[in-house]
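Q: Sequence:
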Amino acid sequence: MNQLMNLMKQTYWAPERSEEDVLTAMKNSDSFGAFDEEDNLVGFAIVVTDFVSIWYLCDVIVDESHRGQGIGKMLMSAVVSDERFVKAGALLKTKDAHGLYRKYGFHDVDAGRVMYRTKEG
Numbered sequence: 001m002n003q004l005m006n007l008m009k010q011t012y013w014a015p016e017r018s019e020e021d022v023l024t025a026m027k028n029s030d031s032f033g034a035f036d037e038e039d040n041l042v043g044f045a046i047v048v049t050d051f052v053s054i055w056y057l058c059d060v061i062v063d064e065s066h067r068g069q070g071i072g073k074m075l076m077s078a079v080v081s082d083e084r085f086v087k088a089g090a091l092l093k094t095k096d097a098h099g100l101y102r103k104y105g106f107h108d109v110d111a112g113r114v115m116y117r118t119k120e121g
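When the letters of the sequence shown are read in order and numbered with the working numbering, they come out as residues 1 to 121.
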């Protein structure tokens, strides 16, 4: 868990996320991990889904010291090839790595078709 919390601290969206919140997110979703030769966690992703109509990709993280080594591609390949998700469309909200996500079928959406509600309402 310490390794995952260290990855979270490297993000722009969740550096202060509590361990309790991370555990809750993992319990209510599917997690994907990438590990180095010494079994250290170097990449992580979460998918939230109903397995029928939609899945939401969130918390895609690659350790800063391991970026540029194909770990993000490996995580994305694992997610998009997972048989449980093939029937459903997908959503992603991110400020970065758009080129990576486009390689796996994500594209910018039409502003008139997608709505988003923030936690503030």
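Calculated directly from the structure, the hints in this document are not laboratory data. Misleading hints may appear alongside valid ones.
Stated by the list, open to error - Calculated cross-link-like contacts (lysine-lysine; reagent style DSBU-like; alpha-carbon spacing at most 35 angstroms):
1. Lys27 - Lys87
2. Lys93 - Lys27
3. Lys9 - Lys95
4. Lys73 - Lys9
5. Lys93 - Lys9
6. Lys9 - Lys87
7. Lys27 - Lys103
8. Lys87 - Lys103
9. Lys95 - Lys27
10. Lys73 - Lys103
11. Lys9 - Lys27
12. Lys73 - Lys27
13. Lys73 - Lys95
Unchecked claim - Label pairs and their computed distance ranges (CB to CB):
14. Asp110 - Glu19: 13 to 21 angstroms
15. Arg17 - Leu92: 17 to 25 angstroms
16. Asp110 - Glu37: 21 to 29 angstroms
17. Asp110 - Met5: 15 to 23 angstroms
18. Glu38 - Leu91: 30 to 38 angstroms
19. Lys9 - Leu91: 22 to 30 angstroms
20. Lys27 - Gly68: 17 to 25 angstroms
21. Thr11 - Met74: 28 to 36 angstroms
22. Asp108 - Glu20: 14 to 22 angstroms
This one's a predicted model, so the numbers in the text were calculated from it and none came from an experiment. Note that beta-carbon positions come from the ideal geometry of N, C-alpha and C, so glycine has one too.
Q: Now, for every hint given, state plainly whether the structure supports it.
A: Status of each hint after checking the structure:
no.	hint	in the structure
1	Lys27 - Lys87	holds, 22 angstroms
2	Lys93 - Lys27	holds, 21 angstroms
3	Lys9 - Lys95	holds, 17 angstroms
4	Lys73 - Lys9	holds, 21 angstroms
5	Lys93 - Lys9	holds, 18 angstroms
6	Lys9 - Lys87	holds, 33 angstroms
7	Lys27 - Lys103	holds, 29 angstroms
8	Lys87 - Lys103	holds, 19 angstroms
9	Lys95 - Lys27	holds, 26 angstroms
10	Lys73 - Lys103	holds, 9 angstroms
11	Lys9 - Lys27	holds, 20 angstroms
12	Lys73 - Lys27	holds, 24 angstroms
13	Lys73 - Lys95	holds, 17 angstroms
14	Asp110 - Glu19: 13 to 21 angstroms	violated, 38 angstroms
15	Arg17 - Leu92: 17 to 25 angstroms	holds, 18 angstroms
16	Asp110 - Glu37: 21 to 29 angstroms	violated, 44 angstroms
17	Asp110 - Met5: 15 to 23 angstroms	violated, 37 angstroms
18	Glu38 - Leu91: 30 to 38 angstroms	holds, 34 angstroms
19	Lys9 - Leu91: 22 to 30 angstroms	holds, 25 angstroms
20	Lys27 - Gly68: 17 to 25 angstroms	violated, 32 angstroms
21	Thr11 - Met74: 28 to 36 angstroms	violated, 19 angstroms
22	Asp108 - Glu20: 14 to 22 angstroms	violated, 34 angstroms
Against the hints set out earlier in the document, violations occur for numbers 14, 16, 17, 20, 21 and 22.
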